[in-house]
Amino acid sequence: EVQLLESGGGLVQPGGSLRLSCAVSEFTFSSYAMTWVRQAPGKGLEWVSAISTSGDRTYYADSVKGRFTISRDNFENTLYLQMNGLRGEDTALYYCARKSYHNFDIWGQGTMVTVSS
Amino acid sequence: QSALTQPASVSGSPGQSITISCSGTSSDIGYYNSVSWYQHHPGKGPKLLIYDVSNRPSGVSNRFSGSKSGNTASLTISGLQAEDEADYYCCSHANGITIYVFGTGTKVTVL
Chain G
324 EVQLLESGGG
334 LVQPGGSLRL
344 SCAVSEFTFS
354 SYAMTWVRQA
364 PGKGLEWVSA
374 ISTSGDRTYY
384 ADSVKGRFTI
394 SRDNFENTLY
404 LQMNGLRGED
414 TALYYCARKS
424 YHNFDIWGQG
434 TMVTVSS
Chain L
3 QSALTQPASV
13 SGSPGQSITI
23 SCSGTSSDIG
33 YYNSVSWYQH
43 HPGKGPKLLI
53 YDVSNRPSGV
63 SNRFSGSKSG
73 NTASLTISGL
83 QAEDEADYYC
93 CSHANGITIY
103 VFGTGTKVTV
113 L
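Protein chains in written order, with my numbering: chain G, 324 to 440; chain L, 3 to 113.
The set of hints was computed from the structure by calculation and includes no laboratory data.
Accuracy of the hints is not assured; some may be wrong.
Stated by the list, open to error - Pairwise CB distance ranges, derived in the manner of DEER restraints:
hint	chain 1	residue 1	chain 2	residue 2	range
1	G	GLU412	L	HIS43	42 to 48 Å
2	G	ASN407	L	GLY81	47 to 53 Å
3	G	ASN400	L	SER56	28 to 34 Å
4	G	ASN407	L	ALA84	41 to 47 Å
5	L	SER11	G	THR392	33 to 39 Å
6	G	ASN400	L	GLY61	21 to 27 Å
Source: prediction; values computed, not measured.
For every residue, glycine included, the Cβ atom is placed at its ideal position computed from N, Cα and C.
Let the hints inform the model, and build the full structure from the sequences given.
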């Protein structure tokens, strides 16, 4: 069964950093673009970032551009999101998802990030 | 890039049909035929229901259908069932820095 498993979430102070990981299994990771989507408590889904199959092209929402960096390791079948300069409004459940053209066809269960002092 | 606009809630009785609208602009829904719909049960990852406006992935019930007219997309659920009670989100490819924009979300209640 195709699976995506996020990890790395936790409590961090404003201005701090955190690195999320998304380990995938049962599909050819290097053949798919990937994406991160988040959901703040009580709010809707928000697209965060996307990366091409080889990692040479990356895309970011305006709200995180310059603070977050998406990357991938096609040998380790893992997607990453490095988050710097964290703010209270970054508090959310972060999902990784497999990207199929302009659709997100497989999702993980999410990892919670809380930014608070 | 602002979120696409959806009604906060829609309800229906078992067996009925309901339609959820998703209103965007000429820079997203009106520009691309890349509208997708997701079903989200609390505590689980979202599930892709519809892609490219009106296509269903393998395994998704044919009770779910999608359409688009101008800057507005719609999801129709026919033969409403108790298990359809969930949050539903539309999403569109978009021009600009933020290349994907989600809808505000609609809570579906089965009466």
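To see whether the hints hold, each was checked on the structure:
A hinted range of 42 to 48 Å is violated for the C-beta pair GLU412(G) and HIS43(L), which are about 25 Å apart. A beta carbon spacing of about 48 Å between ASN407(G) and GLY81(L) agrees with the range 47 to 53 Å that was offered as a hint. A hinted range of 28 to 34 Å for the beta carbons of ASN400(G) and SER56(L) is consistent with their spacing of about 33 Å. Our hint of 41 to 47 Å for ASN407(G) and ALA84(L) holds, since their Cβ atoms are close to 44 Å apart.
Checking the proposed 33 to 39 Å range against SER11(L) and THR392(G) shows it holds: the Cβ atoms sit about 37 Å from each other. In this structure the supplied range 21 to 27 Å holds for ASN400(G) paired with GLY61(L), their Cβ-Cβ distance being about 24 Å.
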